[in-house]
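Protein chains in written order, with UniProt numbering: chain G, 1 to 440; chain A, 1 to 275.
In case anyone wonders, no lab produced these hints; they're calculated from the structure. Glycine residues also receive a C-beta, built at the ideal position from the N, C-alpha and C atoms. Be careful, since some hints might not be right.
Here are the simulated lysine to aspartate or glutamate pairs, EDC-like style, with alpha carbons at most 20 angstroms apart [said to hold, decoys possible]: (1) A:K94 - G:D230; (2) G:K143 - G:D125; (3) A:K103 - G:E385; (4) A:K152 - A:E91; (5) A:K260 - G:E337; (6) A:K64 - A:D118; (7) G:K87 - G:D405; (8) A:K103 - G:D405; (9) A:K208 - A:D109; (10) G:K147 - G:D115; (11) A:K152 - G:E385; (12) A:K81 - G:D212; (13) A:K274 - G:D212; (14) A:K274 - G:E337; (15) A:K103 - G:E337; (16) A:K274 - G:D405; (17) A:K97 - A:D47; (18) A:K274 - A:E228; (19) A:K95 - G:D230; (20) A:K95 - A:E145; (21) A:K103 - A:D89; (22) A:K94 - A:D47.
On the chain A side, residues computed to face chain G include the following (Cβ under 7 angstroms) [to be verified]: (23) R83; (24) T84; (25) D87; (26) R88; (27) D109; (28) D110; (29) D154.
Below are the chains, spelled out letter by letter.
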Amino acid sequence: MWCEAVRLRERGELRARRFEAVARARRAASLALSNRKEFATPHHGAVNSVQVDLTEGRYLLSGASDGSAAIFDVQNATEYEAGFIAKHRSILLVDKQHENGHKFAVSMAIWYPVDTGLFVTASFDQYVKVWDTNSAQVVMDFKMPGKVYSAAMSPIATTHMLIATGSADVQVRLCDIASGAFTHTLSGHRDGIMSLEWSASSEWILMSGGCDGAIRFWDIRRAGCFCVLDQSRSQLGRRPPFLESTVEKSYSVQQRKGKSNKKPQTLHKSQIPGQGQIQQRLHPGLSTSQNRATAHYGAVTGLRTTTDGMYLLSSGSDSRLRLWDIDSGRNTLVNFEAMRLQTSKPLQLAVTEDPSLVFVPCMASIKAYNLWSGMTFQTLRGHYELVNCCYYSAQEQELFTGSNDRQILVWSPSTPDFTEMEDDDRRQKDFVADEDNWSD
Amino acid sequence: MGEPSSSYSSSSGGKRKRPCSSSNSDEHPVGRTQIYTSLEDNLSFSDTLIALQLMRTQFPKIEKVVTQPFILQSQLYSSVKDRTQVDRDLESLKKDKVLRVFKLNTGQDDHAIMFMEDYLKQMMFAVKRSRGKDQDGTEVFEWFERYVIHSKLDVSIDHHELCSLLSHGGDATEKHITLLMNAGLLTRQLIDPNMYWFSIPSIGPILKGLAQGRKEIISLLNRKKYKEMLLSSLEKTRLRFSPLDVRFHIRDLIGSGHIKTVQTPTGLLARISKD
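Here chain A stands alone, though its shape is the one from the complex (with noise of 0.2 angstroms):
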């Protein structure tokens, strides 16, 4: 098997972990057949870069709305062994601006990562979208894209920031806010009224179905017996509840805890963790 390379199409990429299943590579081809490839053998990757290229060409399609792949940070966690340094890669690649996190409102502590082509391109459909109902102001769509979103790389930005960044493009007043808000770029936190989380646009229907695949899966697993399913025939299960596709769930409660991997002789099992 050769070296990884940082294209889209590497499917090889994940079998570094067992160089013995390279005959698995010559039976599918490279790039086009992504489903033919089973989560056991992408499981984990050295490097977060290339976790995050390849878990972005395995992104669900879904039919009714069309969203550019994003990754969680839970998802990432679980296929890259060492936390510590995907954390200190997000943030030198953030930097870099090659991607950037946001913060979503499911849970406690999730966050998105989008690469930077893709949010820009999820930002020009919202901005398409909201242009054809309301004429006036929308030139603020611009002052966002030029001087807030390439400045602030956090996750949450002040009133005071985001005014004093946009009024480099021209007189910025509440109705340019409001406009933000509703094309979805912006949202108020709840804690603290002075303060805004940056958004992916129209994510809202895939946030709803992440919650509820997420309840579906636990609650299937809490229905067997000793609480375990090989891994393998979990993946075949289709969820009721949500558009997006086992493996994203799955690997999205692994990283965040949720459920545990064991090592058996027929393959991984997946195991509720009670701690």
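With the rest of the complex left out, here is chain G (with noise of 0.2 angstroms):
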């Protein structure tokens, strides 16, 4: 099948880019456990993120539960072992050892979306350090009243460095690198943060998942959030003709026509005092406040936009994910047979490039979802115990999963005609495909 698609494209039957897509999907429908790449990891602790950085895709950054933050080379591996096993040690390991290092648990390590020169990690004694790559020194710390959960930084800024963390506390805490200063705070939140994610379409706005199973949408330019994601709002299919709350408007002025206005204006004296006015004296950024929808029944654990950012995934602990289409902010109700997720920490889910698949870290498997049907596409068992991150590194189509037992597994496609042409110049009789040689 790969042979006919290369005399398609030979032929110029096939576009380039057509092709280029087709090759992407197949491989990434294939993945398996890598049988020629490891890592060796020398965290002494779960692995809690992974990352490739987004410049280059060479550099893997990974933060785990004793303190360490730990860099490898995905392309090119340390030594070799048994002649084609690429053994993957680290390159950069900071720890507890280190005079500023983190005393607790990493809950999340990033990169620096611009170049691989500084790297951000967030941990559990509440602190959020910037470091430079190249001389491992932390540059930069910033207190943050809780433990952090998360923090993100924007991949296509042009004109700000914010990091944006998320902690215990209800507030999403903006941290400036180029000031050292906290430069927003972000309430609307009634419980700690647990997910942040950034638009892939717009750098100043960002969307936050907290403890209490709201998702919010803030822009940074203005004050308050402009939209509360509504798991009851739902649309059929990609988008409405029109919005909903046109309609909706105009029904319920009909409605008040022919009755009295005085009865609810005594009802809510009554029984909400002073809110009537303390609704108006409100900033009008800061009504959203007010609204409490939930977009899952349980805290929402993980957060991903899809690259062209048109649509958000979300798990939460009530082992939901749901999909929402980010312009009209409502549900698609697409169900993903999703079992058990974590219920207490933050989960990194990974979308493929041309969103098709949808990776999910559950409980011991990744699960890979079909992402508009919801239908699981497979699993992926490998983990002996539970998976906290998955990266999918859309360069390589390789898929990186870290998890409690300490180690950060590589699966990358194993369509069986790729490997034979790869092995053209090696001496592997082996993996040459022989069509007797095959066992259940």
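Join the two chains into one complex using the hints; note that each chain is given alone, in its own frame.
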């Protein structure tokens, strides 16, 4: 099938972009535990976050529960075992022994989006530290009022370098690397914040998911959040023809015309003293703080946008995964057959770049779902304990996962035709596809 | 086998899965003897509304409590293959006011689906019972039925909106809301004191039976050597703690993912799923 695609491309029947898309999709659909790449993780605690840098796709940064953060080179191995298994050791490790290292677990470690000279770590010791990669020193740190669960930087930011941090405190704080101070404090959530994600289409829009089950959209140029996702407001399919809010308003106006208006006002005064007046004094941007809509029946543990910035995936501690249309703010009602998800830790989800598959850490395995239909596509089993995070590298179509068993596993495409072509220059007789050599 | 009709007495709706079993339908008289059709034949449907109507007719009869039939959402997921389609169909049926969805307090994501006429009948029983106790303030039940139920189609409602909808009928006070809660039509949310869940009145003992029955079946399967059992023999067990019958529980457990079914040469096998 692979050769056929090449032949079609040769004849000009398949365009270059389409050929590339087909090849990527096929590789992403055939992920299996890599038999030629492994990571020797130096961590002594559960791996909480993994991320490959966005500029080159070459370095993997991982943060673990023993307060350590490590960097690996994904493309060049440090040594080769048995001739062809590439073993990657960490090229940098900062842990509790470091003079300025974190004292408790590192919950999130992210690269500075512009280059790999800096990385940021967020930890349960209430500090967010910015490190210089080459000298392995802490350049800046920020003290937060509670355990920090999550940190995020916008991958498309050109005018700001803000780190959005979510902690056990109800406010989202934005820390500025350029000035070393907190620039924004976003209030609106009613409980701690477990997951943060910047929009892929605008450098000013931030999405936060809290332990109260709400997902809020913030535009950092103005006050307050402009959208709260509500799981009961849904759309069937991709987009409704017109917004329902325009229809609802006219209906309620008609209803009130026939009844007397005195009664509702007396009720409001007795039941909710003074709230009518308070509502008028609120800044228009803060009116959504009264909005109690929830996106999940439990805490929101993970958020991920698709690379085109149109859809948002959220996972909750009610073991549901929901797909939201960002522009209309509605639940698309795609039902992912998520069985049981971890409830107390933030999860890192991954989406392929042509958004066709979503990878979710589901107890001790990773499940790949088809994004639009919600059907389980594949279950990747390899870890011995609960999986916390996964990262899909679009460049190589590889998936990196970290779990409580302190290992980082690599899942690579296993198309047999492809491995045959790669091994032409090596003397690997056993890799030639032998049709009689099969077993269940 | 003909097309499944949407009337309540269609017992051949489930046989669409296996067209060769038409001989079975000759032995069973239509509609009345639902007990003879085994769960295996009726396990999957292709349409949400048909599945709902069939499961409604199969709702077990309980001696002590009078309840209208309701269907759990997990049962629906186990019967119809495409879950996304189920969610979307439910949404459009909710908007057409054919049925109502209620959130139950057993477990994180349990929902019960009830047809609108069944819910109104159940509400009337509850209203009649509460009318016997306390005379004043009973006009709130009419206001509730006329204004709140038909305009608010979600599972929950907040205090502000409830008061404003009730006051279309008259002056709504705290006492009215207390009456509604005592009748079992509204429940307070634990996390947020200003929000209420809609609930099915007098469903308490059934929910208790539901939770206990689930535990009983799971422990029954866990005690087996390989944690699996043939579905036909599982159906024949008698539950000690639950007034609902085994088929109800099995459908619910398959839909919520605790049990998975495997096809074997001797029939379907139910196994505890570990994931």
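Quick rundown of the hints versus the structure:
A hinted pair counts as satisfied when its Cα atoms are at most 20 angstroms apart, and K94 (chain A) with D230 (chain G) qualifies at roughly 17 angstroms. For the proposed pair K143 (chain G) and D125 (chain G), the alpha carbon gap of about 9 angstroms is at most 20 angstroms, so the pair holds. Distance hint between K103 (chain A) and E385 (chain G) is unfulfilled; the C-alpha atoms sit about 33 angstroms from each other, more than 20 angstroms. About 14 angstroms separates the Cα atoms of K152 (chain A) and E91 (chain A), which keeps this hinted pair within 20 angstroms; it holds.
With a CA separation close to 13 angstroms, the supplied pair K260 (chain A) and E337 (chain G) stays within the 20 angstroms bound. Note on K64 (chain A) and D118 (chain A): the hinted pairing holds, with a Cα-Cα distance of about 18 angstroms set against a maximum of 20 angstroms. Annotation: proposed proximity of K87 (chain G) to D405 (chain G) holds, straight-line Cα distance about 18 angstroms (limit 20 angstroms). The straight-line distance between the Cα atoms of K103 (chain A) and D405 (chain G) is roughly 37 angstroms, outside the 20 angstroms bound, and the hint therefore fails.
Restraint check for K208 (chain A) and D109 (chain A): the C-alpha separation of about 16 angstroms stays at or below 20 angstroms, so the hint holds. For the hint linking K147 (chain G) to D115 (chain G), the alpha-carbon distance of about 27 angstroms lies beyond 20 angstroms, and the restraint is violated. For the given pair, K152 (chain A) sits about 44 angstroms from E385 (chain G) by alpha-carbon distance, which is inconsistent with the 20 angstroms threshold. The suggested pairing of K81 (chain A) with D212 (chain G) is violated, with an alpha-carbon distance near 32 angstroms, which exceeds 20 angstroms.
For a cut-off of 20 angstroms, the pair hint linking K274 (chain A) to D212 (chain G) is broken: about 29 angstroms separates their Cα positions. A C-alpha spacing of about 14 angstroms is found between K274 (chain A) and E337 (chain G), which places the hinted pair at or below 20 angstroms, so the restraint holds. About 19 angstroms separates the Cα atoms of K103 (chain A) and E337 (chain G), which keeps this hinted pair within 20 angstroms; it holds. For the hint linking K274 (chain A) to D405 (chain G), the alpha-carbon distance of about 19 angstroms falls within 20 angstroms, and the restraint holds.
Distance check on the hinted pair: K97 (chain A) and D47 (chain A) sit about 18 angstroms apart at the alpha-carbon level, within 20 angstroms; holds. A threshold of 20 angstroms between alpha carbons decides the hint, and for K274 (chain A) with E228 (chain A) the separation of about 12 angstroms falls inside it, so the pair holds. A hinted pair counts as satisfied when its Cα atoms are at most 20 angstroms apart, and K95 (chain A) with D230 (chain G) qualifies at roughly 17 angstroms. As the CA atoms of K95 (chain A) and E145 (chain A) are separated by approximately 17 angstroms, the hinted pair is consistent with the 20 angstroms bound.
Taken as a hint, the K103 (chain A) and D89 (chain A) pair is honoured in the structure, with Cα atoms around 18 angstroms apart against an allowance of 20 angstroms. Only pairs whose Cα atoms come within 20 angstroms are accepted, and K94 (chain A) paired with D47 (chain A) is accepted, the gap being roughly 16 angstroms. At about 4 angstroms, the closest approach between the beta carbon of R83 (chain A) and any beta carbon in chain G falls short of 7 angstroms, and the interface hint on this residue holds. With a least beta-carbon distance of about 5 angstroms to chain G, the hint placing T84 (chain A) at the interface is held under the 7 angstroms criterion.
Given the 7 angstroms rule on beta carbons, the hint for D87 (chain A) holds: about 4 angstroms separates it from the nearest Cβ of chain G. At about 5 angstroms, the closest approach between the beta carbon of R88 (chain A) and any beta carbon in chain G falls short of 7 angstroms, and the interface hint on this residue holds. Hint on D109 (chain A) holds. Least Cβ distance to chain G is approximately 5 angstroms, under the 7 angstroms limit. The interface hint given for D110 (chain A) is broken, as the beta carbon of that residue sits about 10 angstroms from the closest beta carbon of chain G, more than 7 angstroms.
Using the Cβ-Cβ criterion of 7 angstroms, the hint placing D154 (chain A) at the interface with chain G is satisfied: the shortest such distance is roughly 5 angstroms.
In this structure, the hints that do not hold are numbers 3, 8, 10, 11, 12, 13 and 28, in rising order.
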